[in-house]
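Visitor: The lines below spell out each chain.
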Amino acid sequence: MTPATNPGATFMARLLRYKWVRTKLRSATRHRTIGFGYLLISLIAVIIGSILSLIMRTHLAWPSWRLPIYGAILPEDYLAFVTMHGTLMLFFVLTVAPQSGFGNLILPAQLGTRHMAFPRMNAAGLWLTALALATLLAAFFAPGGAPIGGWTSYPPLSATPLAGPGEGTGMDLWLASIALFSVATTLSSINMLTTITKLRCEGLTWERLPLTVWGWFTAALLSILAFSVLLAALLLLFCDRHLHSGFFLPAQDLVSGVLLQHRGDGSPLLWLHLFWFFGHPEVYVAILPGIGLTSMVIANFSRRRVFAYRLMIATTLLIGFLGILVWGHHMFVAGLNPFAGTAFSISTIAIAIPAAAKVFSWLATTWGSRPRLTTPMLFALGFVSLFITGGITGPILAQPILDEYLHNTFFVVAHFHLIMAMAGVFGLFCATYYWAPLLFHRTLSEPLGKLHFWTTLLGAYSTFLPMHFTGLAAEPRHYSQLSGLAGPSATLLQSTLPLQRHITASAIFLVCAQLPFFLNLLLAWRRPTNNPADTNPWHATTMEWAPNVLNPHPNDQPPIVYRGPSHYTDSGKEFLPQWSAANTFNTEAE
Amino acid sequence: MQASPTHGFWNLPINAAAHGRALDSHLLLNLWIALALLALAHLILLTGIAIRKRTPRPYHQLFIEYLPLAALTFLFAFLALRAQQLWATQRYTCADLSAMQVEVTGQQFVWYFRYPGPDAAFGRTRLSLVDPANANPLGIDPTDTHGHDDIVTSQLVLPVNREVDLTLRAQDVIHGFAIPEMRIKQNAIPGQTTHIHFTPESPGDYAILCTQVCGMGHYRMLATLRVLPLADFNAWLRDQAALWAKDKGEAQP
Chain A
763 MTPATNPGAT FMARLLRYKW VRTKLRSATR HRTIGFGYLL ISLIAVIIGS ILSLIMRTHL
823 AWPSWRLPIY GAILPEDYLA FVTMHGTLML FFVLTVAPQS GFGNLILPAQ LGTRHMAFPR
883 MNAAGLWLTA LALATLLAAF FAPGGAPIGG WTSYPPLSAT PLAGPGEGTG MDLWLASIAL
943 FSVATTLSSI NMLTTITKLR CEGLTWERLP LTVWGWFTAA LLSILAFSVL LAALLLLFCD
1003 RHLHSGFFLP AQDLVSGVLL QHRGDGSPLL WLHLFWFFGH PEVYVAILPG IGLTSMVIAN
1063 FSRRRVFAYR LMIATTLLIG FLGILVWGHH MFVAGLNPFA GTAFSISTIA IAIPAAAKVF
1123 SWLATTWGSR PRLTTPMLFA LGFVSLFITG GITGPILAQP ILDEYLHNTF FVVAHFHLIM
1183 AMAGVFGLFC ATYYWAPLLF HRTLSEPLGK LHFWTTLLGA YSTFLPMHFT GLAAEPRHYS
1243 QLSGLAGPSA TLLQSTLPLQ RHITASAIFL VCAQLPFFLN LLLAWRRPTN NPADTNPWHA
1303 TTMEWAPNVL NPHPNDQPPI VYRGPSHYTD SGKEFLPQWS AANTFNTEAE
Chain B
-17 MQASPTHGFW NLPINAAAHG RALDSHLLLN LWIALALLAL AHLILLTGIA IRKRTPRPYH
43 QLFIEYLPLA ALTFLFAFLA LRAQQLWATQ RYTCADLSAM QVEVTGQQFV WYFRYPGPDA
103 AFGRTRLSLV DPANANPLGI DPTDTHGHDD IVTSQLVLPV NREVDLTLRA QDVIHGFAIP
163 EMRIKQNAIP GQTTHIHFTP ESPGDYAILC TQVCGMGHYR MLATLRVLPL ADFNAWLRDQ
223 AALWAKDKGE AQP
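Chains as they are written, first to last, in the numbering used here: chain A, 763 to 1352; chain B, -17 to 235.
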């Protein structure tokens, strides 16, 4: 089709005649602008999400506490905060920041290219994500407030406004927000996959890709699969809410004394299947980029090659593949056939093997290397520690007979906050400190960074380790109140209160421990920029540290990659970056 | 001062169910193994950072990756197998045919328990007949004679040492039925029934919790399981039957 017959292209051509449009479009589609845009979205989401968690924690430990201006926290407020906390953190922080944020900022440079494959589609993804965040936050101001069903939104609770406050307009806004988010993530994943497949510079074979790129690649593959299924599920739930269909609802349902009739006789279990088919890969989307970065950062500061590099590529892909097959472990007590419980248990425990292979590689890479304990290295080591501590309870929860006791208790909350939230956030901090010279043209303060690391590590463990014990005491999730109840249940719940107060105090400490980080970022503004000649302050080997990446010139020769990452001499003093043609010392044959 | 309802390092509530001992010992085994692996991994991590090898030698992947992986695979296979045996014992077969039948219905934010009465059969229920104000919170159909002797209570009372087969239902949204001291948990789903069976071993009062977020009153969707010696249970059942008949008599003009 010629442009003349294509109205869209004609319109675009007409627009592009204006210089203002051209410059705006060019800067808006630049991968760095988009990457920072995504990080800004995550920053807003993480601040709101953390404030929500502090309000919830304070209310749980001291139920009579009144939020200034707002007043008492009602049970429906508590559940609305739970839902929004989970949704903000899972989608807008842990999916957006590592994958779309740092992916956009760093991936092109690591591939030796200057742009992403589809810049306009990339920009569309960013703006849709921003719109999704605005839509989600609007739910707070909807009549009835934000939805109360948790980030998993199980129907029938999520299917009718009769089921509770927030399940009317608030729930519709939630659905719209997550639908927009799904579209945005799919667009950005297509862009990322195409970029990795098509735009690698000369010499950058698949085997020479840094493990961060493998992390982004696998996460993008999972995103496309998972979010398309989620989008379908969201549309079906929307139909159930407004068109009286019955995909997730039985033919008759009695909610708040009103008998609801639906066309068809569906089952809420279908939503659970579709949601967790998305939900479990989603947690790997959140953690895989961090896993890749940890491998690279540990290798760099240990001055060693990543131990078992090929195996690490294979295990990244294997974790991704197995991640699609394990959704049923969220449903052991949901009413599945018990044989399905056995099958999902086996596939879930199988993930422990590639995950353990990662840990062995990290331990072997650092072993006896006396690594330089810079802030990014400390956060990478913290990632390893939290990955082990959070991961070790995974195989316990994967055994259906034990999950029968532990399901939906705080033991599960402890598990996923350590492995996904805390390890994920440590990955983000590692990325920020490590790539700061590329992001801000400055290295962040090391003393402040180390203070940030040690207080955050202490806060993370002090907050989430005790949750295992309240969970073992059977404390369920989503309880907005643990005292002032009657009967033996009350005795059981009340017994967790001393630990609750400790957890709340630790959570406040953990949030305060982020002040050195923000101070560090603010102070960086006033620090002198790094010497432009010293583009590689960490003496790293991957392509993002090549000269001219920060200040490209149109006449630059396209880069060529000569070897895989992480080539150092035994002493660690010399190193061979991927872009260096000279072969000054013998390295292992690839 | 009330005695703490939980005990031991791992803070578990007491176990009062026949299958709970094996479950607890498997859970504790898992927890101790997890703690040991956690300590070991951190020891290796910290030692590895602290020491400096004089002559770096290339490692053998076999010893650092594949042998430990094989060992872990055996460990997890052993744990999974043991867990599967317990799971199969509890879930692959239904309750014994002589097990006591009780139906549990969840609705926002209460649990109802229905006993089938002398005819040992539950009457049909219809959601359209649900009428809590007139003593019919479950919508028992008066045209079904099986329902005439059904007893509905708000407390689950069971005789000690007799297996019980719970039929779980929900009227409105998904609820999670859990009795921590009986080591059981199963969701109740609108539109379908699920089952769970167990044998209480010690008389006493135990917590029943809702473990699936079901709305604003989720935290107060609590009930009590009372386990009684057989004679006391029979006496309680007789009293309930009389009370229930009186309630229904008053409700029907």
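Derived from the structure by calculation, the hints contain no laboratory data. Using N, Cα and C, we set each Cβ at its ideal position, and we do this for glycine too. Hints may be right or wrong, so weigh each one.
Covered, in the sense of this in silico footprint (three residues per stretch, anywhere, with C-beta under 8 Å from a C-beta of chain B), are these stretches of chain A [what the hints assert, rightly or not]: (1) 782 to 796; (2) 1027 to 1035; (3) 1161 to 1169; (4) 1184 to 1195.
Computed Cβ-Cβ distance ranges for the label pairs, DEER-style [as the list claims (entries may be wrong)]: (5) Asp78/B / Gln1023/A: 47 to 57 Å; (6) Pro825/A / Ile(-4)/B: 41 to 51 Å; (7) Ala21/B / Arg1134/A: 51 to 61 Å; (8) Ala21/B / Ala1295/A: 40 to 50 Å; (9) Pro825/A / Ser136/B: 48 to 58 Å; (10) Trp889/A / His(-11)/B: 24 to 34 Å; (11) Ala32/B / Phe1202/A: 29 to 39 Å; (12) Arg144/B / Leu1227/A: 17 to 27 Å; (13) His130/B / Ile831/A: 33 to 43 Å; (14) Ser184/B / Ala1102/A: 31 to 41 Å; (15) Asn1099/A / Arg144/B: 47 to 57 Å; (16) Pro1299/A / Ala32/B: 40 to 50 Å; (17) Phe798/A / Ile(-4)/B: 27 to 37 Å; (18) Phe1202/A / Leu20/B: 32 to 42 Å.
Cut-off 20 Å, straight-line C-alpha distance, at most; resulting in silico cross-link-like pairs (SDA-like, lysine to any residue) [unchecked claim]: (19) Lys35/B / Leu1032/A; (20) Lys1335/A / Lys35/B; (21) Lys35/B / Arg1132/A; (22) Lys230/B / Val142/B.
Visitor: A separate judgement is required for each hint: does it hold in the structure or not?
Guide: Hint check results:
| no. | hint | in the structure |
| --- | --- | --- |
| 1 | 782 to 796 | violated (count 0) |
| 2 | 1027 to 1035 | holds (count 5) |
| 3 | 1161 to 1169 | holds (count 7) |
| 4 | 1184 to 1195 | violated (count 0) |
| 5 | Asp78/B / Gln1023/A: 47 to 57 Å | 38 Å, violated |
| 6 | Pro825/A / Ile(-4)/B: 41 to 51 Å | 27 Å, violated |
| 7 | Ala21/B / Arg1134/A: 51 to 61 Å | 26 Å, violated |
| 8 | Ala21/B / Ala1295/A: 40 to 50 Å | 47 Å, holds |
| 9 | Pro825/A / Ser136/B: 48 to 58 Å | 25 Å, violated |
| 10 | Trp889/A / His(-11)/B: 24 to 34 Å | 56 Å, violated |
| 11 | Ala32/B / Phe1202/A: 29 to 39 Å | 33 Å, holds |
| 12 | Arg144/B / Leu1227/A: 17 to 27 Å | 40 Å, violated |
| 13 | His130/B / Ile831/A: 33 to 43 Å | 57 Å, violated |
| 14 | Ser184/B / Ala1102/A: 31 to 41 Å | 33 Å, holds |
| 15 | Asn1099/A / Arg144/B: 47 to 57 Å | 27 Å, violated |
| 16 | Pro1299/A / Ala32/B: 40 to 50 Å | 25 Å, violated |
| 17 | Phe798/A / Ile(-4)/B: 27 to 37 Å | 55 Å, violated |
| 18 | Phe1202/A / Leu20/B: 32 to 42 Å | 36 Å, holds |
| 19 | Lys35/B / Leu1032/A | 56 Å, violated |
| 20 | Lys1335/A / Lys35/B | 16 Å, holds |
| 21 | Lys35/B / Arg1132/A | 9 Å, holds |
| 22 | Lys230/B / Val142/B | 29 Å, violated |
This entry does not satisfy hints 1, 4, 5, 6, 7, 9, 10, 12, 13, 15, 16, 17, 19 and 22, going by the numbered hints stated previously.
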